[in-house]
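*Asks:* The chain contents come next:
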Amino acid sequence: MILSRRWLEAMLGRPLDPADLEQRLSMLGVPVEAIVPIHQDLGDVVIGAVLEVKKHPNADRLSLCLVNAGNASGGSAVEVVCGAPNVEAGKKYPYAPVGAVLPGGLKLERKKIRGVESNGMLCSARELGLGTDHAGILELDTDAAPGTRFLDVMPIADHQLVIEVTANRPDMLCHKGVARELAASLGATLKLPPLPASRGGGPAPSGGHAGFGGRRRPAAAPAGGAARAAEGGVPAGPSGAPGWSGVVDGVEVRLEDPEGAPRYMIAVIRGVKVGISPQWLADRLASIGQRPINNVVDATNYILFELNQPLHAFDRAKLRGPAVVVRRARTGEKIVTLDGVERTLTPEMTAICDAERPTIVAGVMGSAESEVTDATTDLVLECAYFQPTRIRRTRRALELSSESSYRFERGIDLLGMPDALRRAIDLILAVAGGEVREPALDLWPKPVEPTTIFLRPERIGGLLGVPIERGEIEQRLSSIGFVVAPKEQRLAVQVPGWRPDVTREVDLTEEVARLKGYDAFPDELRPYCAGTVPDAPLERAKGRVRVRLAEAGLYEARTFPLGPADGPDAPVVQNPMSADEAHLRMRLLPGLVRRVEHNWAARNRDVRLFEVGTVFRKRTGDVGRGTGVGVEEWTSVAGVITGARQPRHWSDGAKSPDMDIWDLKHHFDLAVSVAAPGSVVQPAADGAVGWVAVQGGKEVVGHAGPLEADAPPWAGALFGWEVRLEVADPRPVAYQALPGTPLVERDLALVLPPGVTAAAVEAAVRRAAGPLLESLVLFDEYRGPGVPSGHRSVAWRCTFRDPSRTLREAEVDAAVGAALEVLEGELGVRRRAS
Amino acid sequence: MSDLLAAIHALRERLGEIPQADERRLQDLKTELLGRKAGALTKILGALPKLADADRRAVGGAANALKREMEEAIAARERALAQASRAPSGMDLTLPGRATWRGGLHLVTQVVDEICEIFRELGFTRAVGPEAETEWYNFGALNFPKDHPAIDAQDSFYLEPGVLLRTHTSPVQVRTMERYRPPIRIVSPGQCYRRDPFDPSHSPVFEQVEGLVVDEGVTFVDLKATLSTFARRFFGPETRTRFSPSFFPFTEPSADMQVSCSVCRGAGCSTCKHTGWIEILGSGMVHPAVFENCKIDPERYTGFAFGMGPHRIAMVRHGIPDIRLFFESDMRFLAQFP
Numbered sequence: 001m002i003l004s005r006r007w008l009e010a011m012l013g014r015p016l017d018p019a020d021l022e023q024r025l026s027m028l029g030v031p032v033e034a035i036v037p038i039h040q041d042l043g044d045v046v047i048g049a050v051l052e053v054k055k056h057p058n059a060d061r062l063s064l065c066l067v068n069a070g071n072a073s074g075g076s077a078v079e080v081v082c083g084a085p086n087v088e089a090g091k092k093y094p095y096a097p098v099g100a101v102l103p104g105g106l107k108l109e110r111k112k113i114r115g116v117e118s119n120g121m122l123c124s125a126r127e128l129g130l131g132t133d134h135a136g137i138l139e140l141d142t143d144a145a146p147g148t149r150f151l152d153v154m155p156i157a158d159h160q161l162v163i164e165v166t167a168n169r170p171d172m173l174c175h176k177g178v179a180r181e182l183a184a185s186l187g188a189t190l191k192l193p194p195l196p197a198s199r200g201g202g203p204a205p206s207g208g209h210a211g212f213g214g215r216r217r218p219a220a221a222p223a224g225g226a227a228r229a230a231e232g233g234v235p236a237g238p239s240g241a242p243g244w245s246g247v248v249d250g251v252e253v254r255l256e257d258p259e260g261a262p263r264y265m266i267a268v269i270r271g272v273k274v275g276i277s278p279q280w281l282a283d284r285l286a287s288i289g290q291r292p293i294n295n296v297v298d299a300t301n302y303i304l305f306e307l308n309q310p311l312h313a314f315d316r317a318k319l320r321g322p323a324v325v326v327r328r329a330r331t332g333e334k335i336v337t338l339d340g341v342e343r344t345l346t347p348e349m350t351a352i353c354d355a356e357r358p359t360i361v362a363g364v365m366g367s368a369e370s371e372v373t374d375a376t377t378d379l380v381l382e383c384a385y386f387q388p389t390r391i392r393r394t395r396r397a398l399e400l401s402s403e404s405s406y407r408f409e410r411g412i413d414l415l416g417m418p419d420a421l422r423r424a425i426d427l428i429l430a431v432a433g434g435e436v437r438e439p440a441l442d443l444w445p446k447p448v449e450p451t452t453i454f455l456r457p458e459r460i461g462g463l464l465g466v467p468i469e470r471g472e473i474e475q476r477l478s479s480i481g482f483v484v485a486p487k488e489q490r491l492a493v494q495v496p497g498w499r500p501d502v503t504r505e506v507d508l509t510e511e512v513a514r515l516k517g518y519d520a521f522p523d524e525l526r527p528y529c530a531g532t533v534p535d536a537p538l539e540r541a542k543g544r545v546r547v548r549l550a551e552a553g554l555y556e557a558r559t560f561p562l563g564p565a566d567g568p569d570a571p572v573v574q575n576p577m578s579a580d581e582a583h584l585r586m587r588l589l590p591g592l593v594r595r596v597e598h599n600w601a602a603r604n605r606d607v608r609l610f611e612v613g614t615v616f617r618k619r620t621g622d623v624g625r626g627t628g629v630g631v632e633e634w635t636s637v638a639g640v641i642t643g644a645r646q647p648r649h650w651s652d653g654a655k656s657p658d659m660d661i662w663d664l665k666h667h668f669d670l671a672v673s674v675a676a677p678g679s680v681v682q683p684a685a686d687g688a689v690g691w692v693a694v695q696g697g698k699e700v701v702g703h704a705g706p707l708e709a710d711a712p713p714w715a716g717a718l719f720g721w722e723v724r725l726e727v728a729d730p731r732p733v734a735y736q737a738l739p740g741t742p743l744v745e746r747d748l749a750l751v752l753p754p755g756v757t758a759a760a761v762e763a764a765v766r767r768a769a770g771p772l773l774e775s776l777v778l779f780d781e782y783r784g785p786g787v788p789s790g791h792r793s794v795a796w797r798c799t800f801r802d803p804s805r806t807l808r809e810a811e812v813d814a815a816v817g818a819a820l821e822v823l824e825g826e827l828g829v830r831r832r833a834s
Numbered sequence: 001m002s003d004l005l006a007a008i009h010a011l012r013e014r015l016g017e018i019p020q021a022d023e024r025r026l027q028d029l030k031t032e033l034l035g036r037k038a039g040a041l042t043k044i045l046g047a048l049p050k051l052a053d054a055d056r057r058a059v060g061g062a063a064n065a066l067k068r069e070m071e072e073a074i075a076a077r078e079r080a081l082a083q084a085s086r087a088p089s090g091m092d093l094t095l096p097g098r099a100t101w102r103g104g105l106h107l108v109t110q111v112v113d114e115i116c117e118i119f120r121e122l123g124f125t126r127a128v129g130p131e132a133e134t135e136w137y138n139f140g141a142l143n144f145p146k147d148h149p150a151i152d153a154q155d156s157f158y159l160e161p162g163v164l165l166r167t168h169t170s171p172v173q174v175r176t177m178e179r180y181r182p183p184i185r186i187v188s189p190g191q192c193y194r195r196d197p198f199d200p201s202h203s204p205v206f207e208q209v210e211g212l213v214v215d216e217g218v219t220f221v222d223l224k225a226t227l228s229t230f231a232r233r234f235f236g237p238e239t240r241t242r243f244s245p246s247f248f249p250f251t252e253p254s255a256d257m258q259v260s261c262s263v264c265r266g267a268g269c270s271t272c273k274h275t276g277w278i279e280i281l282g283s284g285m286v287h288p289a290v291f292e293n294c295k296i297d298p299e300r301y302t303g304f305a306f307g308m309g310p311h312r313i314a315m316v317r318h319g320i321p322d323i324r325l326f327f328e329s330d331m332r333f334l335a336q337f338p
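Protein chains in written order, with my numbering: chain X, 1 to 834; chain W, 1 to 338.
Hints listed in this document are in silico derivations from the structure and should not be mistaken for laboratory results. Be a bit skeptical, because a hint or two may be false.
[Unchecked claim] Taking beta-carbon pairs under 7 Å as the criterion, some of the chain W residues facing chain X (in silico):
#1 Leu5
#2 Ile8
#3 Pro149
#4 Phe243
#5 Pro245
#6 Phe247
#7 Ala255
#8 Leu334
We put the beta carbon where it would ideally sit given N, CA and C, even for glycine.
Pulled out of the complex, with its shape left as it was, chain X reads as follows (with noise of 0.2 Å):
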């Protein structure tokens, strides 16, 4: 929303400073977010009157003029090149002397022209940035005194507010909502600026117009709850359809879905004389960004910016009846929007319709059929109250959004209706003409009262932290509208038509805590009690994985859990953003390797990467459990891992060596002992190069093994592990003596035949070799010379201790005799000769 603050001054009476304006707009809960100086850049452009015109000596288009601009010309008349032919002596027009600046940044100088040397330029209207208009220079109508400042004399100095308007506060969408806030704030007056008494200079219709704005008042509908429907409509039309209707100036005029439109009022006004707009008009729209069209369009723009009210002029000559019908769209009913695009409506839309078709999607859009044109002289004009959620629903099918489906979407001023169409038809009347010749229609089958909500004043209090009197409530709330009445213990307090949020006690709080000021309340620590609520085992588990990790030399990435089908049971998102990005992820794999390939298109070829993050899948089986979703979701713990093993240290010689599948091996050891502490790593079933981690002997909850990449030349093989994170807490760790015994060590080199694993031998070692076996430890396999072929030597550590007391030679070697027994009988293992 953008406001000016020009406009808002006119309503306070008083100058605003835009800074403060941002001040106190943020503190009253409309931040805002720009402030935007507007011709502001004129500030060297003076009144320069013109003296005298003469022929320019050497050119035929160009004329000399003494021009006078006061202390701007140095007190006395100067002569200026211009090349404008509206150039007349005697008249005045805005000067830029020597040094100024014009807008876009222009610096004049003094320079000859064709032989003449001209002291700064007469400017028309596009070189002040105030138009188009290019034909000749701007002619000023003013008393002003030669030099005085250009901005001065011409109100058009303005600056907008950009303001970020929240869902709840759909009054702070005009000037008048925002002006009511300063006002209290202030401690200002708020009032509508008057309008203009006449048009000035326009044909007078038929009717006369005798003084408009605020003399004449056209007669809406009289204050009143159901009486207002009743004067001007009767219940039920002449075909018995549901609904209200009533016929104002030969226009008839039917509500047949009040649900759609709750209330809705026409005015109908005759001979108005369609044109552009008056300059305070035009510069007004023009302040906030609004592009001047015609006079009629830009007083209903107008309203709609000043007091959130949308309304749409007819052109009665184009409406077949002439008949206004308010009804649901017909299934298939087509209509041409301002914007030209043919849209299909239906039976969830309201049309606002002549006697034969739709002319406005309601509340959204109208019809460039119906639209005012420089012909119209008759005009129907419609303001009404559209319910929010049809106008969001019509809005969204149609994906067509204005201001006006933006302000109805969120509710408009039920009650300020009439006094919104009086003042369009004021404004109408003064700057387009015309005369209005009966009392607008107001249709409104089931007139509400304002909502009155009772206060507890000690609950205020209460909430807030800090007790606030009665009196300040009561004030505080009747600052911006509220009509507060002592209801015994309570409050009751009148909600006005253009605060629909609020409903409740609770929202009255926030009325007297945001007027009083956020900043009015201390911040002192107060005593609290500790919670219930236990910390949750996840959070604990992912804590734990993730540290474990980034000391393995691991840095942690965050990749995008959205992305390209991974299998048949990715969950599918029903409106994705893009094609690539219509599924949840089912791993974390694919995403970090994505992310390698990233690295590798910057040239990084050490690339240590782990993800912990939540991973989806439809749910299978029994629909109905846990959240009652058909999804399915679960943590899951990965890391890829290519280039050097080791930064590469001068020491090492030639090139340091890269990650291997051992590597790999270690990290996925290390990922599920810490991520699944309950599982085992086994080499892959399948005969691959790769290892699984396996849960209760039969559940895989995790796999590594080498990875398909897009990978440049140079790049070292990459490796990836992927394991589903468990997350019980461990259990904790239970202490074991550190025994205070010597150890004896024994080297065991090991001929193992085809087909025995270095699991197999450890197992069988440590059953034969008993309880004095401390640890094993592999260091070395060779195959080669003094090898049988296919066979290969593996070497082992193993380490023997009695906690107790020291232990003989003896006893060990009997644990080792009895191991090498077993492995020879059982897998045919024996000691490798030295």
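Once you have looked at the hints, place chain W on chain X.
*Replies:* Chain W alone, transformed into the frame defined by chain X:
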């Protein structure tokens, strides 16, 4: 035999050379004295088997004693040389040391942890909930009216009718209130999803940390105090806070909290868009309708809730210009925040 003892005696003299030896000399001495083949002492020990028992004991004892002493002296000298405070000539101490790979947590994780740690000190525990949520938990229970423009700001990814990817971690508030009785003090970090464009300041996937306090007698003053305390701990003790009215369907009154810009200390800079203030979080007193939806009596209990975006906070604090950097996982970016 006396020859051997004399030789041992002579060799003992050499012990004194060891503590003075430099690295090279020490190697030579080792070889000369204890070398596996031609070491002087090795030779004496090698001659032992040929001696008579008594001689063997005498010579062997002396030789082994000397061997031990020499080994100890050499080892001591080696240690001394390894940690020599004086570099041998020609050694370039500007050469880089030997490193191992380092890793680290994602900056967003670090910020989330830091936020949660501060709140832990204020008595908050961590709570979590699912990312695929029902409309009820994401909107309805939080007092978002159906078909209300407030929902527009949280344009959602739908997975099936009534099921969406949560647009904030606020559903965790509802789930927690359903499961636990007051007093409640939680923070809930987690990933959220909105149909925002992926541009320098938006991402369809983002992290949020929300908080909730429910108890008897909790007031707006407690909200301001708790969040201001957080701001001072996170951004520094000189940080000032400013609260302004805002709108969230699930809180009333609602408040945005701004902190004085830590970059320019309030003077105005590009980080704070020359206002001196940076908006950090949204907050408010829990709306009674939310309590009613969670079967908590709003007449008895009050509470406050707040939410903030760790991505944005990290961008502000570390001067990161583009949110997309967080997702690119470039090693050079990640390594900047170990």
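*Asks:* Flag every earlier hint the structure violates by its number, smallest first.
*Replies:* Checked against the structure, the hints that fail are numbers 1, 2, while the rest are satisfied.
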